[in-house]
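Position chain D relative to chain P; hints supplied.
Protein chains in written order, with my numbering: chain P, 1329 to 1661; chain D, 8 to 372.
Please note: incorrect hints may appear among the correct ones.
[As the list claims (entries may be wrong)] Pairwise CB distance ranges (calculated): (1) Val316/D to Lys1635/P: 24 to 34 Å; (2) Ile1533/P to Gly56/D: 30 to 40 Å; (3) Lys1409/P to Ala36/D: 47 to 57 Å; (4) Lys1528/P to Leu58/D: 38 to 48 Å; (5) Val331/D to Lys1528/P: 35 to 45 Å; (6) Lys1587/P to Val316/D: 28 to 38 Å.
The set of hints was computed from the structure by calculation and includes no laboratory data.
All figures in this text were calculated on a predicted structure; none of them were measured in a lab.
Glycine included, each C-beta is placed from N, C-alpha and C at the ideal position.
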Amino acid sequence: MLNRRNFLTAAVGVAATAGLAACAKEDGSSSNTSSGGSKTITLGFSQVGSESGWRTANTDSVKSAAKEAGYKLQFSDAQQKQENQISAIRSFIAQKVDVIAFSPVVVTGWDAVLKEAQSAKIPVVLTDRSVESDESLFVALVGSDFTDEGRRAAKILEKVLQKAGHKGKVKIAQLEGTTGAAPAIERAKGFKEVMDAEHKDDWEIVVSQTGDFTRAGGKQVMAAFLQSNPDIDVLFAHNDDMGLGAIQAIEAAGKKPGKDILIVTVDGVKDGFIAMSEGKINAIVECNPLLGPQLMEVVKTVHEGGKVERWIKTKESDFMQDQAKDALPTRKY
Amino acid sequence: MSTPAVTTPSRWRALTRHHLFWPVAVLIALLLVNVPFTPDFFAIRMADGHLYGSLVSIVLFGSPLILVAVGMTLVIATGGIDLSVGAVVAITGALTCSYISDQADQNALAGVFLAMGIGLVAAVVCGLWNGFLVARMGIQPIIATLIIMVAGRGVAQLITDGQIITINSEPYKLIGGGYWLTLPFSIFVVAAVVAVTVALTRRTALGLLVESVGGNAEASRLVGIRSRRIKIMVYMFCALCAGIAGLMISSNTSAADGNNAGLWIELDAILAVVIGGTSLLGGRFSIGGTVIGALVIQTLTTTIYTIGVPTQTNLVFKAAVVIVVCLLQSPKFRAKVFGAKGARTTAPAEPATPADAAPKMEVSR
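This is chain P alone, in the form it adopts within the complex (with noise of 0.2 Å):
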């Protein structure tokens, strides 16, 4: 349990809640080569923070794409802190690293630190995330499309209501993701959108609150949403950890979710798709956090000197409750 990698990991997020992420440590054996002469390319990954099974599966992903490609990488933990990040960001360019790759915490505050990187000609990648800032500051995003991911709930929700033989008014809570981060904005933007456009007189957001991705925010707000709106027919949460909580909330005040409150998350983790498979998460739609393999290719053509699309997307597919079983044996993260 105690390995080498992990100690390392845990070790990097202590050095960057501490704000000492000036010095980074290097994931792996140490070579004294300046990065610059030598020919294996050097990546400086920074990561969101490991708040999740879905997250540890996606730096489990990079971290052996990396390996397999022969690549150097410098990973650090952001702990989802944004000046972590960025301090970790600065500390890549300090050692010039061939190129950048980060999933950033929040959406804003980027353009210095990539205005800096780009005066250093160091390109950046980002992953799983998407940023609001100037397009040439960036070369590329390997991620999922949240809005996208946003609509296809929306669409498998009303599959999941026929299914059940809802009739009439649809009541929503919404548990929401960490505010200001690109999924939670993106995918309850994704959903009103179809919302708004095919269901304006039917269903109806009643509530909607972060419960910050964990399953504690997730079972503390669905609680409350029970307390101030006995009357929920739908709840669509953000990810799947939430969705775990806010099954444990339901039960206690003495209802059965997946029958009388039909649940769709996404993300697509193994516990979710054990909770789809006991009947308790009506549907999931995946968002596939194994990206390393394309976040490998992307880097290679960069550092090459190579064009990439703007957006490479992960492929993703949605499961229903009746798929559950099939799919639990196949699930890895």
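Just chain D, lined up with the frame of chain P:
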């Protein structure tokens, strides 16, 4: 604990002078704010074989904070502060859950008790380390405890392997998410801890010793109080409380989340202590006030969820309420705003800094 010697005040005046008046008033006001948004806010009904209602969930979700804040109160009373409680929460939950998840039978009582024991011992060791740094090494408490605050979360992640450990243990679920005699079991744990703390600090000389160490550690040492030992003890007690809170938080969701469990709880706990009327300078404390303070914070959180404050303005709303509460707590502010007429008659009885309960030893500093 009693109000300062005011000569023949009216009942109302005596009431508003009580050190718990403002915290309780704020708590009641916050609870009432919910009523227009949740008409049956105070209703409590049976659901699934236990009591269910907003008040029950406030106490249930607020229990860990109450525990952490009670421990924090004693540390603050000695003039210290403990920033590491959030990390201790994470470590305890991580250790306990990872031990339980390794068991063949997660429902076996012996295994669960042993797991909890391991978690709590780790918590107390963290407290011992904090106390050692503060009392023996003479490091500023805020720095000494920052070490575990920062490193501890890394340790918790190390234990959980960066994953969220999900467990399926019915006995363990009881502590933070289960019910006993139709009430959340955590209420009983909190009640027991608070009762023991109050008994130890107010029925024995221990409370006085803690306060005198907070008032002036050197002077208390000179009069024969083992102030270092007292300090180490309060840090250990604080960590133990945080450890129990860690058990509760991980048991509540049946999962250990090394990264998020107890995140920022140290700040909420300090806030609860302050709202409860304990001075950050040390030298006096109020356990009752702290419990009310923690309930105020939990009620505030629940209120934000139920009245539909837009998520982007959550923190602004919270900050505004906290500012109002802190202002109401300030005797100077009260005197300026509504004390114009009352302050005159009672001014001699109310010193500007009401450090009445503590022995006045600051002078020798």
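(message) Please check whether Lys1528/P and Leu58/D have a Cβ separation lying inside 38 to 48 Å.
(response) holds, 40 Å
(message) Verify the CB-CB distance for Lys1587/P and Val316/D against the hinted window 28 to 38 Å.
(response) holds, 30 Å
(request) Using the Cβ atoms, figure out if Val316/D sits within 24 to 34 Å of Lys1635/P. (result) violated, 46 Å
(request) With respect to the beta-carbon atoms only, verify the hint that Lys1409/P and Ala36/D lie 47 to 57 Å apart. (result) violated, 34 Å
(request) Using the beta carbons of Val331/D and Lys1528/P, state whether their distance is inside 35 to 45 Å or not. (result) With Cβ atoms ~40 Å apart, the hint holds.
(request) For Ile1533/P and Gly56/D, compare the CB-CB distance with the range 30 to 40 Å and indicate the outcome. (result) holds, 32 Å
Taken one by one, the earlier hints fail for this structure at numbers 1, 3, listed in ascending order.
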